[in-house]
Structure formats: structure tokens, C-alpha cells
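Mind docking chain B on chain A? Use the hints.
Residue strings, one per chain:
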Amino acid sequence: KAGVTQTPRYLIKTRGQQVTLSCSPISGHRSVSWYQQTPGQGLQFLFEYFSETQRNKGNFPGRFSGRQFSNSRSEMNVSTLELGDSALYLCASSSAPPGQGGGEKLFFGSGTQLSVL
Amino acid sequence: QKEVEQDPGPLSVPEGAIVSLNCTYSNSAFQYFMWYRQYSRKGPELLMYTYSSGNKEDGRFTAQVDKSSKYISLFIRDSQPSDSATYLCASINGGYNKLIFGAGTRLAVHP
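As you go down the protein sequences, you meet chains A and B in turn.
Count along the first sequence from 1, add 66, and you get the number used in the working numbering.
Count along the second sequence from 1, add 28, and you get the number used in the working numbering.
Quick caveat, the hints were computed from the structure, so don't treat them as lab data.
Everything numeric in this text was worked out from a predicted model, so none of it was measured.
A couple of the hints might just be wrong.
Here are some of the chain B residues that sit facing chain A, going by a computed Cβ distance under 7 Å [to be verified]: (1) Pro42; (2) Gly44; (3) Lys70; (4) Gly71; (5) Asn125; (6) Lys126; (7) Phe129.
Backbone N, C-alpha and C fix where the C-beta goes; we use that ideal spot for every residue, glycine too.
So that you can see chain A by itself, here it is in the shape it has in the complex (with noise of 0.2 Å):
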């Protein structure tokens, strides 16, 4: 069974452009959601996906956003990058919709690195 895929690996950008990233989850689970880990800051939630609806959000600026499509695939898009989003942009899926699961059910991807220059 195939893990939760994020593309690309790497990605160099400049401040002030827009960057989207993918996540393909594991088949069947209709939950993904999405961190960002920084040295500084560790890990934190970003926002959580399930049947297309955005379930929860974290404490980021409105520049951070996502959406889900049918097939359960995720994006997540950042506007007007800063340096400061410089990170590792994690992706993790699970089976148990929101409020249903403990998080031993969650997945994460190997992540997207993303470096604003």
C-alpha cells in the first residue's frame, strides 16, 4: 500500500511569488492535513481536509490555504511568499474523519522543502 505522497521534494522561491504543493493520501482515507515544521517554531497545524470541507484550521495568516478535491488529493497554496515561510511543509492523512480518531491513525508524507529566497 502506497504512503502519503508529497510533490515536489524541493522547491526554491522568491519572496512575493505564490507557491501550491500537492499530497496525494493513502487510498481510503478522506482526511488530510497539512503542518509546517521550522527550526524555530517546530511543528505546527496548518489545516485539517475531509470530504472537500475545510475542518480546522490553525493560527497562520489568510496567505495560507488549501483545498481537497474528490478524489481526496490536497493542495495547499501560499500567496505573496515571505522568508519567513521557509520550511517543511508536512502532509498527513488518516482514516477516522475529525473528531473520530486519537491520531494514531495519522500518516505523514516525507514532506515538501521550501526555500524563499
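Just chain B now, kept in the frame of chain A:
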């Protein structure tokens, strides 16, 4: 104050040592506690999962949760060089798949 606090280390131990990794948390509503292992340039992988207080053992790994003191521990027995990684504690907030992570402790096990 962060909801989950974890000493980032680094921690360096010889092969075969017992490793103790610890976290504290501040939110009494937390009920689910996880330990993740993250190798360089990889995503976190779930290592241990516990619900409420108590111990859980899986091979060389033991997870402990003490809700009275809001303390989470992971013990690794007979540590191996392949255990060298960053270990992250996490808890669930709100029943969603929204994990609150500690900063992660970098562990190096040298032969």
C-alpha cells in the same frame, strides 16, 4: 508558554544505553499522547500511542503518561545507532486530527 514542552537536546548516548525522553504539557483536556520518530529529510512516523495515564510497551520502547503531573516519557532500552533520530511528543487537542507537538529531541546513539 507552549502547550507541549520538550527539551530539544541534543542527546548523545553510547550503544546499549537506556534513553529517557520527556515532555510536559499544560492542557488538562489532552487525553491522547503520541511519540513520533523523525529521520533526517523524512516525515514523522508514529512510534507509540497511549490514551490517558499509564504505561505501554512495544519491544524496546516504553511510553508513560502521568496525567497528575502532566508528564510524558519515552524509554528506549538497548539503544541502537539506528535509533538516532529526532523524537517528537504530541497530543491531540479538540478531537480533530490536530496534533500539538513538542519541539523534538535530537538523539544520537554512537557505536
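Okay, the hints, checked on the actual structure:
Hint on Pro42(B) is violated. Least Cβ distance to chain A is approximately 27 Å, over the 7 Å limit. With a least beta-carbon distance of about 30 Å to chain A, the hint placing Gly44(B) at the interface is violated under the 7 Å criterion. For Lys70(B), the suggested interface contact is upheld, since its CB lies about 5 Å from the closest CB of chain A, less than 7 Å. Taking 7 Å as the C-beta contact cut-off toward chain A, the hint placing Gly71(B) at the interface holds, the least distance being around 3 Å.
With 7 Å as the threshold, the beta carbon of Asn125(B) comes within range of chain A, its nearest partner Cβ sitting at about 5 Å, so the hint holds. A hinted interface residue such as Lys126(B) counts as satisfied when its beta carbon comes closer than 7 Å to some beta carbon of chain A; here the least separation is about 5 Å, so the hint holds. Taken as an interface hint, Phe129(B) checks out: its beta carbon lies about 4 Å from the nearest beta carbon of chain A, inside 7 Å.
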